[in-house]
Amino acid sequence: MTEPHPLHPGHRPRAPRQPRTRRIADGVFAHVPYDDGRCPANAGIITGPEGVTVIDAVATAARARAVRAAVESLGAGPVRRIVHTHHHGGHAHGDGDAFPEATVIAHALTRSEMVGAGPRPTGPCSGAGRGGVRSVLPSVTFEERLTLHSGDRSVELVFCGPAHTTNDVVVWLPGDRVLFAGDVVLAGAAPCTLMGSVEGALRAIGMLRAFGARTVVCGRGPIRDARVLDETEAYLRWVQVVAMRGWQRGLSPAEMAGQAPAGPFSHLGRAERLVGNLRRAYAELDGGPLGRPLEPP
Numbered sequence: 286m287t288e289p290h291p292l293h294p295g296h297r298p299r300a301p302r303q304p305r306t307r308r309i310a311d312g313v314f315a316h317v318p319y320d321d322g323r324c325p326a327n328a329g330i331i332t333g334p335e336g337v338t339v340i341d342a343v344a345t346a347a348r349a350r351a352v353r354a355a356v357e358s359l360g361a362g363p364v365r366r367i368v369h370t371h372h373h374g375g376h377a378h379g380d381g382d383a384f385p386e387a388t389v390i391a392h393a394l395t396r397s398e399m400v401g402a403g404p405r406p407t408g409p410c411s412g413a414g415r416g417g418v419r420s421v422l423p424s425v426t427f428e429e430r431l432t433l434h435s436g437d438r439s440v441e442l443v444f445c446g447p448a449h450t451t452n453d454v455v456v457w458l459p460g461d462r463v464l465f466a467g468d469v470v471l472a473g474a475a476p477c478t479l480m481g482s483v484e485g486a487l488r489a490i491g492m493l494r495a496f497g498a499r500t501v502v503c504g505r506g507p508i509r510d511a512r513v514l515d516e517t518e519a520y521l522r523w524v525q526v527v528a529m530r531g532w533q534r535g536l537s538p539a540e541m542a543g544q545a546p547a548g549p550f551s552h553l554g555r556a557e558r559l560v561g562n563l564r565r566a567y568a569e570l571d572g573g574p575l576g577r578p579l580e581p582p
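Following the working numbering, the residues of the sequence shown are numbered contiguously, the last one being 582.
Quick caveat, the hints were computed from the structure, so don't treat them as lab data. As the structure is a computational prediction, the values presented were derived from the model and not from experiment. Take these hints with a grain of salt, some might be off.
To be verified - Label-pair distances were calculated between CB atoms; the ranges are:
(1) 432 to 499: 43 to 49 Å
(2) 385 to 432: 22 to 28 Å
(3) 530 to 359: 31 to 37 Å
(4) 354 to 574: 41 to 47 Å
(5) 549 to 427: 45 to 51 Å
(6) 488 to 533: 20 to 26 Å
(7) 335 to 574: 38 to 44 Å
Beta carbons are placed, not taken as given, at the ideal position from N, Cα and C, and that holds for glycine.
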């Protein structure tokens, strides 16, 4: 059901070339798109007697329609709820036209970020071919935890930011031991903490590990088991070590990134994220609240 990901160079899991919807528990599915470099965010589908809950509305109109087609192919009824794991366009901007009947649920900070951005796309997916997408602001927000019910299934929304962003939420299904981790955890790619926190992401990983998940649906990439948490933690701790060396030597994040060997993380995609991760780690060495806005470089 899950795809093991041993830690060794040259092993880089890839998503299927065509969108694929995989059953990962009774009534629980992961929609994994082809990674064409245009914000291939995964989506979750949870079916129940009253309808469907979708986790993340993806980035583009075409991708949102693909998720809707996957839902319709299951014959599970209308989409009643959409959960956004954070505010970035790759996860929060495909809902308006594909799921007009759904109630949108997110963290309070997700709504604030979306209000501040207005109709413009936000985050690293701002140029991902978003023609035809109409985003909808969350109408239900929460601060720490919110439990939804889908028939007899508990669907727990848990705030774990700042990590990837200031407003990260994961979706935990305790009865199925399934975790939808959003972009706090990525399969086959380096984490991105520039808009969040390196230290906060490490705390989040500790929280997620305590759940005891059997299956982890990352924000992007193949479905994994809980070992992906170990890899993510190892990378983040390496970033902190590299940052400390550069910070003590007075090197800029970009200079230090150019001198840092990838080592055991050479198999991860998006290696260029190291510069942004070091910027965030430097800011945390300087002190101040985690997740605070950074000045332009």
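Taking the hints in turn, this is what the structure says about them:
no. : hint                   : result
1   : 432 to 499: 43 to 49 Å : 20 Å, violated
2   : 385 to 432: 22 to 28 Å : 25 Å, holds
3   : 530 to 359: 31 to 37 Å : 51 Å, violated
4   : 354 to 574: 41 to 47 Å : 43 Å, holds
5   : 549 to 427: 45 to 51 Å : 37 Å, violated
6   : 488 to 533: 20 to 26 Å : 24 Å, holds
7   : 335 to 574: 38 to 44 Å : 40 Å, holds
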